[in-house]
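Colleague: Residues per chain are reported as follows:
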Amino acid sequence: MQQAKTKGIRNGGNQITLQLMILPALLTILIFSYLPMFGIVIAFKDYNVLDGFFAGKWVGLAHFREMFADERFQSALRNTLGMSSIKLILTFMAPVLFALILNEIPFARYKKWAQTLTTLPHFLSYVIIATLTMIFLDPKGIVNGVLQGLGIIDQPIEFLADPGHFWTLGASLDLWQETGWGAIIYLAAITGINTEIYEAAKVDGAGRLRTIWHINLPAIKGTIMVLLILNIGSIIYGGSNFNQSYLLGNVFNRDTSYVLGYYTLDNGLLQMRYAFATAVDLFQSVVSLVLLLLANWGAKKLNGSNIF
Amino acid sequence: MSAIKLTWEDRSVNFIAVLLSAVLLIATAYPLYYVLINSLNDGADAARGHIYLYPRVFSLENYQMVFKQQYLVTGLGMSFARTVVGTVAAVLVTAMAAYALTKEKLKFRKLYLMLAIITMYFSGGLIPLYFVLSELHLLDNFLVYILPSLFTFFHCLLFMAFFRELPKELFESAYVDGAGELFVFFRIVIPLSMPVVATISLFVGVNHWNDYFIPSFFITKENLQTLPVILIRLLSLSEAQQQIQQYLGNHQSKVTMESLRYATLFVSVLPITLLYPMVQRYFVKGMLVGSIKA
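In order, the protein sequence lines correspond to chains A and B.
For the first sequence, the residue numbers in the working numbering are 217 to 524.
For the second sequence, the residue numbers in the working numbering are 454 to 747.
The set of hints was computed from the structure by calculation and includes no laboratory data.
Be careful, since some hints might not be right.
Stated by the list, open to error - Computed cross-link-like contacts, BS3-like style, restricted to lysine-lysine with a CA-CA straight-line distance of at most 27 Å: (1) B:Lys-563 / A:Lys-516; (2) B:Lys-458 / A:Lys-327; (3) B:Lys-458 / B:Lys-556; (4) B:Lys-621 / B:Lys-560; (5) B:Lys-621 / B:Lys-558; (6) A:Lys-328 / A:Lys-437; (7) A:Lys-418 / B:Lys-458; (8) A:Lys-517 / A:Lys-418; (9) B:Lys-674 / B:Lys-521; (10) A:Lys-328 / B:Lys-458; (11) A:Lys-437 / A:Lys-517; (12) A:Lys-327 / A:Lys-356.
I would like the entire structure built from these sequences, with the hints used as guidance.
Modeller: Below, the structure written as structure tokens:
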């Protein structure tokens, strides 16, 4: 009886401690994630800074109608979808290939070095990546120098001034930055394969290529699907799209470099059209949520894997 | 011990694997190496170009110049302050929350999890956040670097996955001895969780170190600016030119705007390059556990 009582008190004490442990995190999301969600109402209002959130006339979908009619929005939407799609196609399988390749390297120390160094770009600031890009792809820069030296081109390529190159440039930068990082998770899955399976395959006379195809690849299939779903979900926000648009965009490549994230920023914080920019943001949030749910539903239909 | 005989297929697979990985390795490492050798080269000489393998005229003047520029030194200091404070605070808040969330007896556990999951998929967007920050007087305030990123649910999931793998007996015996949750958390759980603490610290720290968005749009005060913003200014070379002109007004120097840019670039890459390999060995372990659960 006595013992049960003390235990009860101690559990009560622990409950309060546990609640206090979660409190800072809870406050953080309430203030910085949930409070702003109420601000979304201004997307449907004629908002004026001086009047505050709850004043202002309801305007229904007027901001959205204006948005769809705006030529610059259409261009930003086209660029966002185009750039994200090209990135998805060109970069999605690269980490899978790289993980399979790394796994075949016979020298342990070299393998470690290759993995460490190729992962490093993932941790670089986009400001640095943009600066490196400008230095290397300058008409008088090293890339043009090498291409001209090898006789592949006569005139230097204007990588950053020609709108025709921007999307592939963006995908190439993603390839450079994320291939090594993306490979880590696949490599971990491959390393986790039971060695007995390899021995059995060897006894059955399977060579290296057949082993890769019939053991390594199937082992990471699930992971590939999960990441594909996440990638499709982020087509609208598109990972590096904003960084590239903001830091590498210029008046010359604007036709292909201007993306939705930049459009929101332009209208919102620079031109101070707050309500309108909130509407643009809401549009992006809703579309990416719908895409994610669709992709997840599709994956469930396909092979029963599901990330939620 | 006889060497296993390599088949023709083995040899070609080895060769192709080494070759392809070497291509990616060089493509990754060379740009950074190029920045290093150019930053260590005399500025006026570097302007002639063609420095590809090693510095032609070795000089540390570019780096001296970097550390003589008041705005660069301030930015560097602010970047360090933000990264250290922000990382320690965020890791503490996130790890504590994750620990509490792994306890079945935590009241409202399901509700908390639901609230957190939603933040992964939906947000109020930039403008409403801007107003919240403005109302809380966080614009132009050092705390805008720290507070909004105190908690990230993805990192919380990684912590939770790791905590669940810890042997239960350790907690049980501590509870029997009358230890409270805080004691268990700080004295037992955290010391055993160094791989995941190191991994998340790196993730959070890198985000702080690299971020240019907050200082660009939520900060206008010059003395609160961080290194990435200063690098953006150096991107537009005319600005760098002005800075150098100011400096050259009363000094003799061969530093050019290009060479100053290289040195600044390298200074900002260096901390990550040094820290990251130390933490990297924990990745595979920490991330694997996390990815299985998440």
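Colleague: Under the criterion that the straight-line Cα-Cα distance not exceed 27 Å, is the pair Lys-328 of chain A, Lys-458 of chain B satisfied?
Modeller: holds, 25 Å
Colleague: Hint check: Lys-621 of chain B vs Lys-560 of chain B, CA-CA at most 27 Å. Holds or violated?
Modeller: Judged against 27 Å, a Cα distance of about 20 Å means the pair holds.
Colleague: Holds or violated: are the alpha carbons of Lys-418 of chain A and Lys-458 of chain B at most 27 Å from each other?
Modeller: Status holds; Cα separation ~14 Å.
Colleague: Would the pair Lys-621 of chain B and Lys-558 of chain B pass a check requiring their Cα atoms to be no farther apart than 27 Å?
Modeller: holds, 15 Å
Colleague: Next pair to validate is Lys-458 of chain B with Lys-556 of chain B; report whether the Cα-Cα distance is within 27 Å.
Modeller: violated, 54 Å
Colleague: Keeping to a limit of 27 Å between CA atoms, is the pair of Lys-437 of chain A and Lys-517 of chain A held or broken?
Modeller: holds, 16 Å
Colleague: Given the hint that Lys-674 of chain B pairs with Lys-521 of chain B, does the C-alpha gap stay at or below 27 Å?
Modeller: Holds: Lys-674 of chain B and Lys-521 of chain B sit about 21 Å apart, inside 27 Å.
Colleague: When you check the alpha-carbon spacing of Lys-458 of chain B and Lys-327 of chain A, does it fall within 27 Å?
Modeller: This hinted pair holds, its Cα atoms lying about 22 Å apart.
Colleague: Given the proposed pairing of Lys-517 of chain A with Lys-418 of chain A, does the C-alpha separation stay at or below 27 Å?
Modeller: violated, 35 Å
Colleague: Run the distance test for Lys-328 of chain A versus Lys-437 of chain A: straight-line Cα separation, threshold 27 Å.
Modeller: holds, 24 Å
Colleague: Just to be careful, I want the Cα atoms of Lys-563 of chain B and Lys-516 of chain A compared with a cutoff of 27 Å; is the pair within it?
Modeller: Given pair Lys-563 of chain B, Lys-516 of chain A holds - Cα atoms ~24 Å apart, limit 27 Å.
Colleague: Do the alpha carbons of Lys-327 of chain A and Lys-356 of chain A lie within 27 Å of each other, as the hint requires?
Modeller: violated, 35 Å
When each numbered hint is compared with the structure, violations occur for hints 3, 8, 12.
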